[in-house]
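**Student:** What follows is each chain in one-letter form.
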Amino acid sequence: MFRAGLRTTFGLIVMDLSIASILMLDGATNGAIYALLGLATVLVFAITRVIFLPQGEFVAYGALTLALLQLGKVPGTVYLLLALALLAAVLEVMAAAKRGVPAQVALLRAGRLLAWPVAVWAVAHWAAPLKLPLFLQCLLTLAIVTPLGPLVYRLAYEKLADATVLVLLIVSVGVHFALTGLGLLFFGAEGFRNPSFWDARFSAGALMLSGQAVIIFMVSIALMLGLYLFFERTLRGKALRATAVNRLGARLMGISTSGAGRLSFGLAAFMGALSGLLIGPTTTLFYDSGFLIGLKGFVAAIFGGLASYPAAALGALFVGLLESFSSFYASAFKEVIVFTLILPVLLWRSFQHGHHDEEE
Amino acid sequence: MNLRRNTLIAFVVLLALLPQLPVPEFWITQGNYIGLYTLVAIGLVLLTGVAGLTSFGQAAFVGLGAYTAAYLTLSHGVSPWLTVWIGLAFTGSVALVLGWITLRMSGHYLPLATIAWGLSLYYLLGNIQALGKYDGLLGIPALNFFGLTLNTGRSFFYLLWAVVVLAAIAIIHLLDSRTGRALRAVKGGTTMAEAMGVNTFQIKVTAFVLAALLASVSGWLFAHFQRTVNPSPFGLNISIEYLFMAVIGGVGHVWGALVGAGVVQILKDQLQVLLPKLLGGSGNYEVIVFGVLLIVVLQYARDGIWAFVEARLPRVQRKNDWAAAPALPERPRPSHGSVVLDVNQVRKEFGGLVAVNDVSFQVRAGEIMGLIGPNGAGKSTTFNLVTGVLPATRGAVRLLGERIDSLASREIARRGVSRTFQHVKMIAGMTVLENVALGAHLRGTSGVAAAMLRTDRAQERQLLKEAEKQLRRIGMAEQMHELAGNLALGPQRLMEIARALCADPTLLLLDEPAAGLRLKEKQGLADVLRQLRGEGLSILLVEHDMDLVMGLVDRIVVMEFGTKLIEGTPEQVQASPVVRAAYLGTEH
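Note that the protein sequences, when read in sequence, are chains A and B.
The first sequence begins at 1 in the numbering used here and counts up one residue at a time.
The second sequence begins at 1001 in the numbering used here and counts up one residue at a time.
Okay, chain A solo, but in the shape it has when bound:
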């Protein structure tokens, strides 16, 4: 996907070992990204029952926020963060007033919602013209995009937390529309390609490994390990897993399901933004590029029935490989091939698991 070099002009070239290994490497790199997005999708679905189609939007937001910082501009996502936080604060105060919560408490809660976005806004204004080193800009990007996740959950989904999966899915479509349109507003219709994090190149025979690919692999693996430790070793992680197993039971144990929802959306936004930062240097990204990338993570998640993390990761690798090989053999039809793949997978799952009823 991200390497434009091997397109239809190569269509007649007979596959040899070196091309195959290049394609495999390419596919594995993309697969690592899809794995991150697929994992985020499974995470959000397990905990909130939200099929989070806009996952990919965070990818575009991450990459393009960094691109604007690179240009020395304050990206529009900062203002989106402020606006969403303000809206959430207003709704919080209104809800508190309705329930008769004392004014100080309500204002304190509102203040807590606003503190981070205001701080981020101030830092972004100060830092943008300075054109800080790439690493710091990346951190700032994550600081801007990650809190968008919990805010989106709070504003769009929380009120409907007990609605059916179907209603939540339709909300996701609304969020996708809104975030894509806002992306156009913030970043314009032009594409951006970020500078590489690491320009090193390693070659082993015919195989070329770019520094960026190394970083993608390392970060993906580190993140997956981190997530594993978080869910296995920490109390919050266990609380999230409890919520995923049984929402009511978790609530009775004193676990806040809305807190769990916000946390899962925060993680999803973080993983999305990070993916955006990672692939930003490998391809030109547009305001609406995220959707397709996110959907491929989604196809991967469906491999695991939206429930299994390892299956999603393996599925992602498979999607990445399939995509890179189909872009070699039938470049024009690569999207068709990748998205049609979901049908046999669903068929297989349907026979394996038979009928799953959802009582609502």
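Hints are supplied without guarantee of correctness; some may be wrong.
[To be verified] Using 30 Å as the maximum straight-line C-alpha spacing, the simulated BS3-like pairs for lysine-lysine come out as follows:
{"#": "1", "chain 1": "B", "residue 1": "Lys1425", "chain 2": "A", "residue 2": "Lys159"}
{"#": "2", "chain 1": "B", "residue 1": "Lys1469", "chain 2": "B", "residue 2": "Lys1522"}
{"#": "3", "chain 1": "B", "residue 1": "Lys1277", "chain 2": "A", "residue 2": "Lys73"}
{"#": "4", "chain 1": "A", "residue 1": "Lys159", "chain 2": "B", "residue 2": "Lys1268"}
{"#": "5", "chain 1": "B", "residue 1": "Lys1268", "chain 2": "B", "residue 2": "Lys1133"}
{"#": "6", "chain 1": "A", "residue 1": "Lys334", "chain 2": "B", "residue 2": "Lys1133"}
{"#": "7", "chain 1": "A", "residue 1": "Lys238", "chain 2": "A", "residue 2": "Lys159"}
{"#": "8", "chain 1": "B", "residue 1": "Lys1319", "chain 2": "B", "residue 2": "Lys1277"}
{"#": "9", "chain 1": "A", "residue 1": "Lys73", "chain 2": "A", "residue 2": "Lys131"}
{"#": "10", "chain 1": "B", "residue 1": "Lys1425", "chain 2": "B", "residue 2": "Lys1465"}
[Claimed, not checked] Covered by chain A, per the in silico footprint, the following chain B stretches (three or more residues, Cβ under 8 Å):
{"#": "11", "stretch": "1048-1058"}
{"#": "12", "stretch": "1113-1124"}
{"#": "13", "stretch": "1298-1305"}
{"#": "14", "stretch": "1329-1337"}
If you're looking for bench data, these hints aren't it; they were derived computationally from the structure.
From the three backbone atoms N, C-alpha and C, an ideal C-beta is built for every residue, glycine too.
Please arrange chain B on chain A, whose structure you already have, making use of the hints.
**Tutor:** Leaving out everything else, chain B in the frame of chain A:
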């Protein structure tokens, strides 16, 4: 009915006059687009609002219809009046395959599969040489209607809106029928619908295919209206817009589709002018507004615009036209005293937990058998094993000598087992009468086409007559036109019993029927059950109200921790120290 019918007539007259009036061409074009979109949105109402499924692939189905028409007329000179049928067959087959693959699984796999399908088709259309790649096909001829060429917006308007109005009426007819009730029943889960004998998989596929066919017709019309097709109106975003129309307008009502299509089309047009001026630059900024609006609608007015209209319209009461209908045939009753249900060494394990431990008992014709035991004793699980909701791990269940333990719920229902649920399962938005008529699903045969053309009315009257008869028997005839959701819990339970009786069962399973009933209602219920026993019906009753159980049943099976403790007459059970120990603990 009159206000509604008059409004519809006024609407049709308005549609007929509109092209004749000096309305600017712009509004005729808008009207044509609204009609094309309404057709698709009606399909989504059927799918989403009624059957509780949804699809993000409707635009792709429109595309199949449109491209079929365009390609066949341009390349092979096929008449449009033939291509519409080819398009329908083609679209229907694709929908059938997609539905067949995904609808066995949870409801959210269908929308996911349709996203993938919508994306695939878009890229496929854009890359096929014979279909003009992303440029599409140009120069599609106008439709010719009995020598009249529909090459202007105004002439096309008539054909289009005639199709829209006919489709709307057909779907309204469908919803008020045997199939319509089955469609509504699958929305809240499949257990109840299956227990009523509905093949839920088949009915879901039916809804999906019907929605796809409506989209296909819209595509055919679209091709001959635009006179050119390219992939962009058939992409995923447009599919989402269709869903948006249905949700905004009101996904529970056919006319909501019309309102939604109108509002979205006009709003989109205005926003496309306004927003770029406001925000600078150019682009589809209207999607921001649409996205936010969709979220707000779902949070604050989930039933859409039409629900507000509906609330102001007078509620129409169904006219009783079934009094003279012939009664439905009844199944022969087994001879008094013969074994109806034979549960033999049935076992159910959930992982390591044995919920039902090798339980055996028999229920005879004309007998009420009580199944009692403390909470968690496995009574409801036993019910679910008998009715096929759960498969047994081991053992055999026989009904009138035939093994039923490996059959699906609906097959067991077909053989004469009918049940109620511990937690009432009903369709809150339908009247009591319609809910009860659902119980008679297996006693009717009419399908989709008969419902749309209203050739099912004679049978429908029979079903409704049966429903009224059972409601009368249970003492609820006065409430038959109320919405089921407005009933108190007690009457809801009684309604479930009437619904179960509507199936003309041999064996009736009642799961805590007296919970939530007042004393008078309980006595009434006991009288009805005695009367049914007198008629030769067998009843298996799970109940916690011991006064009711002891005074009513012939024999009792007591369960504890999944095991059968004792079986005997009420007197024997009351005298048993084992039972006392199970309920009250052991004395030391």
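**Student:** Take the hints in turn and mark each one as holding or not.
**Tutor:** Each hint, compared with the structure:
1. Restraint check for Lys1425 of chain B and Lys159 of chain A: the C-alpha separation of about 25 Å stays at or below 30 Å, so the hint holds.
2. Our distance criterion of 30 Å between C-alpha atoms is met by Lys1469 of chain B and Lys1522 of chain B, whose separation comes to about 20 Å.
3. For the suggested pair Lys1277 of chain B and Lys73 of chain A, the alpha carbons sit about 23 Å apart, so the restraint of at most 30 Å is met.
4. Restraint check for Lys159 of chain A and Lys1268 of chain B: satisfied, since their Cα atoms lie roughly 27 Å apart, inside the 30 Å limit.
5. Distance hint between Lys1268 of chain B and Lys1133 of chain B is fulfilled; the C-alpha atoms sit about 27 Å from each other, no more than 30 Å.
6. Restraint check: the Cα-Cα separation between Lys334 of chain A and Lys1133 of chain B comes to about 15 Å, which is no more than 30 Å; the hinted pair holds.
7. The hinted pair formed by Lys238 of chain A and Lys159 of chain A meets the criterion: a straight-line CA distance of about 24 Å does not exceed 30 Å.
8. Distance check on the hinted pair: Lys1319 of chain B and Lys1277 of chain B sit about 55 Å apart at the alpha-carbon level, beyond 30 Å; violated.
9. Distance hint between Lys73 of chain A and Lys131 of chain A is fulfilled; the C-alpha atoms sit about 9 Å from each other, no more than 30 Å.
10. Restraint check: the Cα-Cα separation between Lys1425 of chain B and Lys1465 of chain B comes to about 22 Å, which is no more than 30 Å; the hinted pair holds.
11. Evaluation of the coverage hint for the stretch 1048-1058 of chain B: fulfilled, as 5 residues show C-beta separations to chain A shorter than 8 Å, against a requirement of three.
12. Using a Cβ-Cβ cut-off of 8 Å, 8 residues of the stretch 1113-1124 of chain B lie near chain A, which meets the minimum of three, so the contact claim holds.
13. With 3 residues bearing a CB less than 8 Å from a CB of chain A, the stretch 1298-1305 of chain B meets the requirement of three and the coverage assertion stands.
14. Remark: the stretch 1329-1337 of chain B is not confirmed as covered by chain A, as 0 of its residues place a Cβ nearer than 8 Å to a Cβ of that chain, below the required three.
In the structure shown, a violation is registered for the earlier hints numbered 8 and 14, in ascending order.
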